[in-house]
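**Q** Residue strings, one per chain:
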Amino acid sequence: MNTDILIELRNLTRLYGDLAAVNQVSFSVPRGQILGYLGPNGAGKTTTVKMLTGIIHPTDGSARICGFDIQKDSLEVKRRIGYVPESGAVYQSLSPLEYLMVIGRLYHIPDQAISRRIDEFATFFQIGDHLSMRMTGFSKGMKQKVVIAAALLHNPEVLFLDEPLNGLDANTALQIKKLLRELSAAGKTIFYCSHILDVVENLCDRVIIVNKGRVTADGSVKNLKEMTQRSSLEDVFADLTLEGDQTEMIRAISSQLVLPKRDTGDEQP
Amino acid sequence: MNNPDCSDKIDWMQVKVLVWTGLQLDLRGSAGTGRLHVRVPSLVWNLIFYGFMGLAVSGTLVTSTNLQMYGLLVLAYSMLMMAFSVILEFSNSLFLSDDADILFHRPMHSRTYFFARAIHVSVYILGFGSVLVFFPAVFLGFHPDAGWMFVIPFYLTATVAHFFTAFAMILFYSFLFMWVSPERLKDILAYIQIGIVFVMMLSYQVIPRLGPVQHMAQLPTWIGLLPPAWFLGLLRLLTGDVSPQALLFAAPAVVITGIFVPLFMMHVSSRYLGDLQKFADLRENNRKRTSDKKTGTTGLPDRIVEKLLKNYNAVTGYRMTTFLMRHDRSLKMGLYPVFGLPLALMIISILDGSLGDPFVQNIYSLQNNMNVMAVFFIYFMIYFFLTGLLYIRDWNAAWIFFTAPVRKPGQFYRGVKTAVFIRFMLPFYLILGLIYAFRIPWGHAFRHMMGLLLIGLLAFSAVGLTLRDFPFSRKRERGERMRRMGFVLFAPVFLVITMAMQRLAYPRPASYWISQAAVLMLFVLLETWSEYRLNRILTRKEYFGFS
Numbered sequence: 001m002n003t004d005i006l007i008e009l010r011n012l013t014r015l016y017g018d019l020a021a022v023n024q025v026s027f028s029v030p031r032g033q034i035l036g037y038l039g040p041n042g043a044g045k046t047t048t049v050k051m052l053t054g055i056i057h058p059t060d061g062s063a064r065i066c067g068f069d070i071q072k073d074s075l076e077v078k079r080r081i082g083y084v085p086e087s088g089a090v091y092q093s094l095s096p097l098e099y100l101m102v103i104g105r106l107y108h109i110p111d112q113a114i115s116r117r118i119d120e121f122a123t124f125f126q127i128g129d130h131l132s133m134r135m136t137g138f139s140k141g142m143k144q145k146v147v148i149a150a151a152l153l154h155n156p157e158v159l160f161l162d163e164p165l166n167g168l169d170a171n172t173a174l175q176i177k178k179l180l181r182e183l184s185a186a187g188k189t190i191f192y193c194s195h196i197l198d199v200v201e202n203l204c205d206r207v208i209i210v211n212k213g214r215v216t217a218d219g220s221v222k223n224l225k226e227m228t229q230r231s232s233l234e235d236v237f238a239d240l241t242l243e244g245d246q247t248e249m250i251r252a253i254s255s256q257l258v259l260p261k262r263d264t265g266d267e268q269p
Numbered sequence: 270m271n272n273p274d275c276s277d278k279i280d281w282m283q284v285k286v287l288v289w290t291g292l293q294l295d296l297r298g299s300a301g302t303g304r305l306h307v308r309v310p311s312l313v314w315n316l317i318f319y320g321f322m323g324l325a326v327s328g329t330l331v332t333s334t335n336l337q338m339y340g341l342l343v344l345a346y347s348m349l350m351m352a353f354s355v356i357l358e359f360s361n362s363l364f365l366s367d368d369a370d371i372l373f374h375r376p377m378h379s380r381t382y383f384f385a386r387a388i389h390v391s392v393y394i395l396g397f398g399s400v401l402v403f404f405p406a407v408f409l410g411f412h413p414d415a416g417w418m419f420v421i422p423f424y425l426t427a428t429v430a431h432f433f434t435a436f437a438m439i440l441f442y443s444f445l446f447m448w449v450s451p452e453r454l455k456d457i458l459a460y461i462q463i464g465i466v467f468v469m470m471l472s473y474q475v476i477p478r479l480g481p482v483q484h485m486a487q488l489p490t491w492i493g494l495l496p497p498a499w500f501l502g503l504l505r506l507l508t509g510d511v512s513p514q515a516l517l518f519a520a521p522a523v524v525i526t527g528i529f530v531p532l533f534m535m536h537v538s539s540r541y542l543g544d545l546q547k548f549a550d551l552r553e554n555n556r557k558r559t560s561d562k563k564t565g566t567t568g569l570p571d572r573i574v575e576k577l578l579k580n581y582n583a584v585t586g587y588r589m590t591t592f593l594m595r596h597d598r599s600l601k602m603g604l605y606p607v608f609g610l611p612l613a614l615m616i617i618s619i620l621d622g623s624l625g626d627p628f629v630q631n632i633y634s635l636q637n638n639m640n641v642m643a644v645f646f647i648y649f650m651i652y653f654f655l656t657g658l659l660y661i662r663d664w665n666a667a668w669i670f671f672t673a674p675v676r677k678p679g680q681f682y683r684g685v686k687t688a689v690f691i692r693f694m695l696p697f698y699l700i701l702g703l704i705y706a707f708r709i710p711w712g713h714a715f716r717h718m719m720g721l722l723l724i725g726l727l728a729f730s731a732v733g734l735t736l737r738d739f740p741f742s743r744k745r746e747r748g749e750r751m752r753r754m755g756f757v758l759f760a761p762v763f764l765v766i767t768m769a770m771q772r773l774a775y776p777r778p779a780s781y782w783i784s785q786a787a788v789l790m791l792f793v794l795l796e797t798w799s800e801y802r803l804n805r806i807l808t809r810k811e812y813f814g815f816s
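Chain order of the listed sequences is W and L. Numbering-wise (my numbering), the first sequence opens with residue 1 and increments by one. Numbering-wise (my numbering), the second sequence opens with residue 270 and increments by one.
In case anyone wonders, no lab produced these hints; they're calculated from the structure.
Below are the SDA-like pairs computed for lysine to any residue, each with C-alpha atoms no more than 20 Å apart in a straight line:
1. L/K579 to W/Q112
2. W/K140 to W/L152
3. L/K677 to W/Q71
4. L/K744 to W/A89
5. L/K810 to W/R79
6. L/K810 to W/Q71
7. L/K810 to W/L15
8. L/K579 to W/Y107
9. L/K744 to W/E86
10. L/K744 to W/S87
11. L/K810 to W/T13
12. L/K810 to W/D60
13. L/K576 to W/S115
14. L/K285 to L/S391
15. L/K576 to W/A113
16. W/K72 to L/R809
17. L/K744 to L/Q293
18. L/K579 to W/D111
19. L/K677 to L/R809
20. L/K278 to L/M377
21. L/K576 to W/I109
22. L/K810 to W/G17
23. L/K677 to L/K810
24. W/K178 to W/A122
25. L/K576 to W/P110
26. L/K579 to W/I109
27. L/K677 to W/D73
28. L/K601 to L/F690
29. L/K677 to L/T808
30. W/K72 to L/N804
31. L/K579 to L/R692
32. W/K225 to W/V215
33. W/K225 to W/P40
34. L/K744 to W/Q92
35. W/K177 to W/I127
36. L/K677 to W/F68
37. L/K744 to L/L312
38. W/K140 to W/F124
Using the sequences and the hints given, assemble the complete structure.
**A** Structure, rendered in structure tokens:
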């Protein structure tokens, strides 16, 4: 077992009836790497993450996280991972304090340690004033901060982040990106799903692009640009995932949507 | 929404789309966190439940010698059922929870939205109402004094009565919107819910006790004050009884249903969407401080319980339940009302004189039916309460259970049940004991309360055998509460155990204690089995809460 490989997928597959949401996906991620996992809507990104985090089971293939099989040793895997889902769903009638206490207990963290970590996160995310308020009226960004804090509470080795910057203000987003780099430098592996390609380009050491359940590209941003001879990740992404020439279609649609010039009455008929 | 470009007219295209979508959603139900498989829609469960209730009400004809009384009772019951249904499903029927996000920014006039939802509700009234009065109508057809000629007028009258009830309730709520803050309105809805359950159950007991009325061919005029009598008047007119009393009774039905209800509807419809938007806005801004205590949010008694529970998963379940029951209004209001009914029935049975000393006489007989009903509703309450903890507004937050390293997820329920037992069951049974102590010696009251508590615990464990989901992980959907009420079949089993124990074990102290020990052992066995089963089921479960 290679202890430097923290995530390893072998022909991982998930079927929904006849539809293969994830189709024989294989790759590995070493310790300390920030992996950007990209793909158009419905490409199978979230399904992959859901399998790796134990939320759903693979139909076929296998995966190991920190050396543990996600199906046979699912508890060992879950102990070592943190997850921020795209939905950011929380029990809103609880306060962040109560929610984090419950989460801490799920990971068997003693109350005192939970309190200490909550204090740290409250300072970092500047939510100290809101710790005892119900989350019912929180903005999406505020709830997202709580979800990220919950994912980090038990100090996981691998982080799965699905659109973690959703709803966050620019300052907090910047802080999170810095934090992720620090965590990566400290040896934590980060699996980062996002549609915001600029962030992925700046943050991730390596990018995997999936389309229709299969891996279509894998490499550093620089490699991918060279490979496709494109200047930005956005163009690389479009090249690998868009079918046909979109330019004509865009022209056709926009020509229908552009309003005709309003008759001001100044001109003579 | 109230776009200045929109006319005040109803946009029937939009109405059609809204009604179609609403009905589609009802038929599909939701997957919740469970497996994505085809489920029996809630609608079907509801229809079965209404049919069952109708059959139960038909039984009145067997005991009632008076056809008018039968008509009055059936109309009263079905109208109350309709009112109850509108209350239970109010937020789902008239205001779909996603509407705020999906529709409120669209160019749609209030009147269009109101009529779409009103038509949606009407489909339900027609469907449920027809099923509800099906058996009573069939019974009427076989009745020698009525016959099949009565069936169609009866059906028509009942349908008008159902529409009247549902729309009167809707109007009542709409007016409440104008004067009451949305948060307060939620409380009021819950209290009305409790009130209607009381009226529903108690009227069944009280009306037959009016004695002389039941045997009178002509009903007393004061009965005309009750809305069901208005529709009985209408029925009498339709079946050829054009007597002054029938005309007097029918007049309010015709005037109110035909004139006032439509007039008020027109008035309410124009401001309906605006009021709902106010409702949604305030719901979103409910920022309330929960606690300033740092660690917890948990007090000393809770800390002691947590120490005793030891197990981390059980503590998590306990904590979640106590926190959510403390703060989540929808959860509280959905569950607390069930405590009222058994207590009220118990008090009535004392006032009624039907509650005697169970160690001296048989307290569960046809003569003491109030007492039997009270015990029946204790078990019903236990079932309803525990299964109710599955449903919560933020059900999709349950993903945390699936990503956490939990070997025995059934242990969550150990904590959940402990919280319910300590915070709700124990106080309930203590109050019950105090009520008993008014009528029977303290020692007997205590022993009887303990007997009931132990069988209650047994019922509590048995509920565990019906669970297949994590606590607080299922979406509230139309018919969910009604569907759970359909499981009233659960309660009779424990009612029979209670009756058997009182009959066989109470007479001798030795047999009493042996029976208590046996129930306790059975409870431990059932609890172990229940937890083992939940561990097995929940470990395999997948989460489909978000795509």
